[in-house]
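J.: With the hints as a guide, dock the two chains, each given alone in a separate frame, to form the complex.
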Amino acid sequence: QQQVKQSPQSLIVQKGGISIINCAYENTAFDYFPWYQQFPGKGPALLIAIRPDVSEKKEGRFTISFNKSAKQFSLHIMDSQPGDSATYFCAASTGANFGNEKLTFGTGTRLTIIP
Amino acid sequence: EAGVAQSPRYKIIEKRQSVAFWCNPISGHATLYWYQQILGQGPKLLIQFQNNGVVDDSQLPKDRFSAERLKGVDSTLKIQPAKLEDSAVYLCASSFRLAIIDTQYFGPGTRLTVL
Numbered sequence: 762q763q764q765v766k767q768s769p770q771s772l773i774v775q776k777g778g779i780s781i782i783n784c785a786y787e788n789t790a791f792d793y794f795p796w797y798q799q800f801p802g803k804g805p806a807l808l809i810a811i812r813p814d815v816s817e818k819k820e821g822r823f824t825i826s827f828n829k830s831a832k833q834f835s836l837h838i839m840d841s842q843p844g845d846s847a848t849y850f851c852a853a854s855t856g857a858n859f860g861n862e863k864l865t866f867g868t869g870t871r872l873t874i875i876p
Numbered sequence: 095e096a097g098v099a100q101s102p103r104y105k106i107i108e109k110r111q112s113v114a115f116w117c118n119p120i121s122g123h124a125t126l127y128w129y130q131q132i133l134g135q136g137p138k139l140l141i142q143f144q145n146n147g148v149v150d151d152s153q154l155p156k157d158r159f160s161a162e163r164l165k166g167v168d169s170t171l172k173i174q175p176a177k178l179e180d181s182a183v184y185l186c187a188s189s190f191r192l193a194i195i196d197t198q199y200f201g202p203g204t205r206l207t208v209l
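Top line first, the protein sequences correspond to chains A and B.
Every number in this note's numbering is 761 more than the matching position in the first sequence, counting from 1.
Every number in this note's numbering is 94 more than the matching position in the second sequence, counting from 1.
Just so you know, these hints were derived from the structure itself, not from any lab.
Which chain B residues stay away from chain A? Per the calculated CB distances, all over 10 Å, these:
| no. | residue |
| --- | --- |
| 1 | V113 |
| 2 | W116 |
| 3 | N118 |
| 4 | N145 |
| 5 | D180 |
| 6 | S181 |
Coverage of chain B stretches by chain A, computed from C-beta distances (three or more under 8 Å per stretch; other residues unrestricted):
| no. | region |
| --- | --- |
| 7 | 135 to 143 |
| 8 | 191 to 203 |
All values reported here derive from a predicted model rather than from experimental measurement.
We put the beta carbon where it would ideally sit given N, CA and C, even for glycine.
Same shape as in the complex, but just chain B (with noise of 0.2 Å):
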């Protein structure tokens, strides 16, 4: 079975750009999740969905980043235009059921630098 790809997996960037990230979950997961994890710091959620629609994006920085997943399937995350502090890794995963106790598989992350 296929993990969690995403893509690019390293990003350089100038503060005030922007930037997108890109995620294709496990076949058949219906939610997804976007974190964002500092170093040296464990993961923080940005964003949730379940097939298409947001579950939960409270916190989520809406004046500069946003998410979509559409067809329910593929998903990609936005920053626009980027800080300094949102030098961290992206880290995607997906579920197969809307449930804290199903398994979350992650993906390998998008490292984003910004300069």
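With the rest of the complex left out, here is chain A (with noise of 0.2 Å):
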């Protein structure tokens, strides 16, 4: 299965607020996890990425949670701003220790940050 499932396909958040998007995927070979932002008119650009070896990875105002067991991980973005509004995509991929793979992605958040 290398199917990526990602919720909500939308989101308003208040400004200040924390915002969070899931993803679960079903292929446990998984073993690098993007996420990708993308404003309107855009190419996506890398947001932040975790490895499976690590539960959690911070930078800046965006965190992502890896949970292994439950083969789920999810991108929280904290003291959300406006300027955040764009759309987000999780992906997946295998081969991060030996070369290439291609990513899977999901089918992406629209998150708008209200004031």
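T.: Below is the structure:
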């Protein structure tokens, strides 16, 4: 199973709040989990990524939480700002240790931060 | 550093016509990807090049899609003949190495509408 399921499809959060986006996967061979941010009219841009040997990774206001046993990972955006309004994609892949594999993307979450 | 360039940005054609998209990756990046992003979905890898050789084209509909990367720099993706279901944004990305953990930098994409 190569599918990555992402939820919610859309999310509205008040400025200063915490935005949480969830993803679940079936393929236990996945060993690389990046999150991408995409603004309208632009290509996706890598935001943050995690390997399954850690349960959490934090970069600024962005945190990935990873639950290997549940096969789930989530993106938390702390102190959400209007500039964070974008579409977020989770992704997963195998092959992190030994080379090249393709990324399987989730269906995306459109995040809107309201003042 | 200049980003990934793509042209045209928009293209409208009728079904059964042909269309070509061009991509210029970031200078020095050996790996080039073409993705198809249908509205409301995450990007799906069509083809991946390492220099001027194809690494993975397993998801490329080869009866109508073709791609080349002459001289290991610029790349062209062609659709001939186009179908209605080909309406999507076609994204080009590049990375420095052939490694899934290497950041993929995306271009702005070409939005194709097939009527």
